[in-house]
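Chemist: Listed below, chain by chain, are the residues.
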Amino acid sequence: MRQDHLITATQLSRDDIEAVLDRARRIAADPAAFADRHAETVLALCFFEPSTRTKMSFDTAAKRLGADTIDMGTVESSSVTKGESLADTVRVIEGYADAIVLRHPSEGAATLAAEFVDVPVINAGDGAGQHPSQTLLDLYTVRENHGLDGLTVGIMGDLKYGRTVHSLAAALTNFDVNQHFISPDSLRLPRSVRFDLHEAGAQLREHTDLEDVLPELDVLYVTRIQKERFPDENEYHRVAGQYRIDAGTLADAREDLIVMHPLPRVDEIAADVDTSGHARYFEQAHNGVPVRMALLDTLLEGTQ
Amino acid sequence: MRQDHLITATQLSRDDIEAVLDRARRIAADPAAFADRHAETVLALCFFEPSTRTKMSFDTAAKRLGADTIDMGTVESSSVTKGESLADTVRVIEGYADAIVLRHPSEGAATLAAEFVDVPVINAGDGAGQHPSQTLLDLYTVRENHGLDGLTVGIMGDLKYGRTVHSLAAALTNFDVNQHFISPDSLRLPRSVRFDLHEAGAQLREHTDLEDVLPELDVLYVTRIQKERFPDENEYHRVAGQYRIDAGTLADAREDLIVMHPLPRVDEIAADVDTSGHARYFEQAHNGVPVRMALLDTLLEGTQ
Amino acid sequence: MRQDHLITATQLSRDDIEAVLDRARRIAADPAAFADRHAETVLALCFFEPSTRTKMSFDTAAKRLGADTIDMGTVESSSVTKGESLADTVRVIEGYADAIVLRHPSEGAATLAAEFVDVPVINAGDGAGQHPSQTLLDLYTVRENHGLDGLTVGIMGDLKYGRTVHSLAAALTNFDVNQHFISPDSLRLPRSVRFDLHEAGAQLREHTDLEDVLPELDVLYVTRIQKERFPDENEYHRVAGQYRIDAGTLADAREDLIVMHPLPRVDEIAADVDTSGHARYFEQAHNGVPVRMALLDTLLEGTQ
Numbered sequence: 126m127r128q129d130h131l132i133t134a135t136q137l138s139r140d141d142i143e144a145v146l147d148r149a150r151r152i153a154a155d156p157a158a159f160a161d162r163h164a165e166t167v168l169a170l171c172f173f174e175p176s177t178r179t180k181m182s183f184d185t186a187a188k189r190l191g192a193d194t195i196d197m198g199t200v201e202s203s204s205v206t207k208g209e210s211l212a213d214t215v216r217v218i219e220g221y222a223d224a225i226v227l228r229h230p231s232e233g234a235a236t237l238a239a240e241f242v243d244v245p246v247i248n249a250g251d252g253a254g255q256h257p258s259q260t261l262l263d264l265y266t267v268r269e270n271h272g273l274d275g276l277t278v279g280i281m282g283d284l285k286y287g288r289t290v291h292s293l294a295a296a297l298t299n300f301d302v303n304q305h306f307i308s309p310d311s312l313r314l315p316r317s318v319r320f321d322l323h324e325a326g327a328q329l330r331e332h333t334d335l336e337d338v339l340p341e342l343d344v345l346y347v348t349r350i351q352k353e354r355f356p357d358e359n360e361y362h363r364v365a366g367q368y369r370i371d372a373g374t375l376a377d378a379r380e381d382l383i384v385m386h387p388l389p390r391v392d393e394i395a396a397d398v399d400t401s402g403h404a405r406y407f408e409q410a411h412n413g414v415p416v417r418m419a420l421l422d423t424l425l426e427g428t429q
Numbered sequence: 126m127r128q129d130h131l132i133t134a135t136q137l138s139r140d141d142i143e144a145v146l147d148r149a150r151r152i153a154a155d156p157a158a159f160a161d162r163h164a165e166t167v168l169a170l171c172f173f174e175p176s177t178r179t180k181m182s183f184d185t186a187a188k189r190l191g192a193d194t195i196d197m198g199t200v201e202s203s204s205v206t207k208g209e210s211l212a213d214t215v216r217v218i219e220g221y222a223d224a225i226v227l228r229h230p231s232e233g234a235a236t237l238a239a240e241f242v243d244v245p246v247i248n249a250g251d252g253a254g255q256h257p258s259q260t261l262l263d264l265y266t267v268r269e270n271h272g273l274d275g276l277t278v279g280i281m282g283d284l285k286y287g288r289t290v291h292s293l294a295a296a297l298t299n300f301d302v303n304q305h306f307i308s309p310d311s312l313r314l315p316r317s318v319r320f321d322l323h324e325a326g327a328q329l330r331e332h333t334d335l336e337d338v339l340p341e342l343d344v345l346y347v348t349r350i351q352k353e354r355f356p357d358e359n360e361y362h363r364v365a366g367q368y369r370i371d372a373g374t375l376a377d378a379r380e381d382l383i384v385m386h387p388l389p390r391v392d393e394i395a396a397d398v399d400t401s402g403h404a405r406y407f408e409q410a411h412n413g414v415p416v417r418m419a420l421l422d423t424l425l426e427g428t429q
Numbered sequence: 126m127r128q129d130h131l132i133t134a135t136q137l138s139r140d141d142i143e144a145v146l147d148r149a150r151r152i153a154a155d156p157a158a159f160a161d162r163h164a165e166t167v168l169a170l171c172f173f174e175p176s177t178r179t180k181m182s183f184d185t186a187a188k189r190l191g192a193d194t195i196d197m198g199t200v201e202s203s204s205v206t207k208g209e210s211l212a213d214t215v216r217v218i219e220g221y222a223d224a225i226v227l228r229h230p231s232e233g234a235a236t237l238a239a240e241f242v243d244v245p246v247i248n249a250g251d252g253a254g255q256h257p258s259q260t261l262l263d264l265y266t267v268r269e270n271h272g273l274d275g276l277t278v279g280i281m282g283d284l285k286y287g288r289t290v291h292s293l294a295a296a297l298t299n300f301d302v303n304q305h306f307i308s309p310d311s312l313r314l315p316r317s318v319r320f321d322l323h324e325a326g327a328q329l330r331e332h333t334d335l336e337d338v339l340p341e342l343d344v345l346y347v348t349r350i351q352k353e354r355f356p357d358e359n360e361y362h363r364v365a366g367q368y369r370i371d372a373g374t375l376a377d378a379r380e381d382l383i384v385m386h387p388l389p390r391v392d393e394i395a396a397d398v399d400t401s402g403h404a405r406y407f408e409q410a411h412n413g414v415p416v417r418m419a420l421l422d423t424l425l426e427g428t429q
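Chains as they are written, first to last, in this note's numbering: chain U, 126 to 429; chain W, 126 to 429; chain R, 126 to 429.
This is chain U alone, in the form it adopts within the complex (with noise of 0.2 Å):
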């Protein structure tokens, strides 16, 4: 990467990604050649959301390299109830770690922290903005399983808030790729989204349901859709029922079509598809280590 700053996935270049790729397959081949790479690193984590597998596998990709972590902790335990801005926060912690992760509410934060630091920053969301190591493990995930060019798609469930899914579609662009939306009406892929995909030259269509598309996917990429966007609870479930797949859906699907989710699931996948030989999620989920392993050391590397 040409960036010292790791803020959103349309940053990358096709390039980029797959140099970033290449070297996380590379420490997933032989993780023992990099377990001291980083034995004087430390690590900054600083999430000012909850967060269970960013934060842990951030952690572990730093200890796997021989580097230590040091945490904020919850907002609650630290001065940031007394008041602190986030520029002061960061510009404390340069001074202690050789790197910074940050989770935060606020869309923009992450740009704003890397205006104030030398130090790499990492975006681990940014609100309703973008989570690009996120969506460098999604293309890891496909492109072991499928290659990155040639495929076809679907992305499935709440298109309109998640930031996984926007990071990911803009991502696909780089790709010979042809991406399908599937969702309900009332949370389809923002006009905004749609605008800046279809200037990066996506080739994308929408559908309101999974099987007029199924048939045709390499992959199926589905997100939970949360209760608290409906204002009626009958309304949501009804929604729910209709984005939730089991092994029974799948029976039109290809025998090779991956399904994805970025976790956690509530309960969108049934329990049957996990052995149903079409499941990636908890595979995905574990690319997190190597990935972020290689996206630190190639990080790392650019400061020393």
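Simulated from the structure, these hints should not be mistaken for laboratory data.
Quick caveat, the model's predicted, so the values are computed rather than measured.
Certain hints may be false.
Note: identical chains are not told apart, hence a pair may lie in one copy or across any two.
Pairs of lysine to any residue residues, derived as SDA-like cross-links and limited to a Cα-Cα distance of at most 20 Å, are as follows [said to hold, decoys possible]:
(1) 285 x 133
(2) 285 x 332
(3) 352 x 252
(4) 207 x 402
(5) 285 x 357
(6) 285 x 353
(7) 285 x 313
(8) 352 x 393
(9) 207 x 160
(10) 352 x 165
(11) 207 x 173
(12) 207 x 364
(13) 207 x 352
(14) 285 x 408
(15) 207 x 174
(16) 352 x 175
(17) 207 x 230
(18) 207 x 369
(19) 352 x 209
(20) 207 x 166
(21) 285 x 298
(22) 352 x 144
(23) 352 x 309
(24) 352 x 271
Given the coordinates of chain U, assemble chains W and R onto it according to the supplied hints.
Modeler: Positioned in the frame of chain U, the structure of chains W and R alone reads:
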């Protein structure tokens, strides 16, 4: 151990127990020899309930073996609040860590987790169920002081709800130990636990007064009587006062009686016992480190 | 240091202070030489109150010395909620760790802890009491910029409640320093603190207006005036506005005046001071790492 996981104290034979305790003794004698033994290991600490000593002592044990730990954090700061199932949580974490230490409010949680993952699961307390690593450090403390055969052990306090007590009593049936249970009627050992102990060939008697049995004891294991078990606060104070010990209480005890407690204590053991020569509860807590090092070392060996 | 613990800034002689600061300077100049110095050490972080920078900077210091840390977590997630005494908590943790860093809301907590354990205890703030490692990094920052003799230092803001201020003022009596205290009447240095400073031979004067003394200062140490000290919110805003500095305020200052602040700041220092050439508060925060490395290195040396 023949097992991949440590779920209950009852899964351990006398040979299993002695093997772990022997290893713990070797570690305590020469910790430096074990300092780099698991340098590329990552241990996940998944505590769905508050804990100080169990969590810190597993954390210490891992680090004194050269391993790293990753911490799920509190439930409030994790994805668990989004409704993820325990099975999904551990299947994700299995991709990050080489072993999982799990504490959970629901009995059976560790058994369930172990069904879903291939890495070793250590039960660090599941509701009113089991807490087998506590039992191992209890046995280690008894053995280092008195050996484990030909003993008379008194267990006092809340015998109805205490998972520590149930695990310890079961494990002691592997040795030549007379067990005396001292408690108010309302907090007697549950009928089912008594039944299992009889089946396992335990030599047990029950008492309501400590003085009936104190002079015979080699070990007095005290547990806390919790206020919330009593609908009436006066009744609580009356009962708790009766099962509280101080230096005076121990005047009739054997000189080499050892007093143990799983901690934290509130006031069931007076401060003057700390310096009486009988106290072993801090030593007992400290033994958590070599015993858990031995346990981790044993389980990780099995995975290599 | 001749001491095993670091409890107050007043326990430190001029020689003690200079020895730690000299060591910190050697560490800052060549951190790699210290990177594996305490590879088998475990440091316990016991924070009974929220903290970001103190905790993260001790955590970083330990790791940059090759040591590991174990974290007690928040009070809510620990056994403290079960009613355990501080004495019991630290006596347990002494069995896990080689040194203990303690922050606690009660004045005297660190003194009490040090009476019960044999491993070094470092006071990281005890209520309105002391915070000596902050004082050491403050002194280090002053010394690296101006040396520590022949200086004129202004300390401004909440001089009544600020433990940082009381520790620093006491420590400065070891050096040839004129101390000026600038505050509203209601937040003057407490009589007892003034008395102790006089006893220690301090050269001190008090002011209500910064402009009376600003042109003479080599160092201006600003602290936050807390809203909760004022029964009336208007009064708070009036007072806080008067002790707020910006680039304009500093027009009359010496060119080499340095502005310090223990952080976090809210708005007592305007953002235009950050780039004024006077600001040293981020440098000051960063100095926490080499100074705490030097402190840990000194105390741990004493235990070997």
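Chemist: Hints first: check each against the structure and report whether it holds.
Modeler: Do the hints match the structure? See the list:
1. 285 x 133: Within one copy only: 18 Å inside a chain, 47 Å across chains, cut-off 20 Å.
2. 285 x 332: Within one copy only: 14 Å inside, 59 Å across.
3. 352 x 252: Cα proximity of residue 352 and residue 252: one copy only (18 Å, versus 30 Å across).
4. 207 x 402: Intra 51 Å, inter 26 Å, cutoff 20 Å: neither.
5. 285 x 357: within (18 Å within a copy, 46 Å between copies)
6. 285 x 353: Answer is within: at 13 Å inside a copy they meet the 20 Å cutoff, but 42 Å across does not.
7. 285 x 313: within (5 Å within a copy, 56 Å between copies)
8. 352 x 393: For residue 352 and residue 393, the Cα distance is within 20 Å only inside one copy (12 Å; across copies 43 Å).
9. 207 x 160: This pair counts as neither: shortest intra-copy Cα distance 39 Å, inter-copy 33 Å.
10. 352 x 165: Neither. Shortest intra-copy (45 Å) and inter-copy (42 Å) distances fail the 20 Å Cα cut-off.
11. 207 x 173: both (14 Å within a copy, 16 Å between copies)
12. 207 x 364: between (42 Å within a copy, 19 Å between copies)
13. 207 x 352: between (33 Å within a copy, 11 Å between copies)
14. 285 x 408: neither (26 Å within a copy, 43 Å between copies)
15. 207 x 174: both (17 Å within a copy, 13 Å between copies)
16. 352 x 175: Within one copy only: 18 Å inside, 29 Å across.
17. 207 x 230: Cα proximity of residue 207 and residue 230: in one copy and across copies (18 Å, 16 Å).
18. 207 x 369: This pair counts as between: shortest inter-copy Cα distance 17 Å, intra-copy 43 Å.
19. 352 x 209: between (33 Å within a copy, 14 Å between copies)
20. 207 x 166: neither (29 Å within a copy, 33 Å between copies)
21. 285 x 298: within (19 Å within a copy, 61 Å between copies)
22. 352 x 144: Answer is neither; intra-copy 39 Å and inter-copy 52 Å both fail.
23. 352 x 309: The answer is within: 14 Å in one copy meets 20 Å, while 49 Å across copies does not.
24. 352 x 271: neither (33 Å within a copy, 60 Å between copies)
Of the numbered hints listed earlier, those contradicted by the structure are 4, 9, 10, 14, 20, 22, 24.
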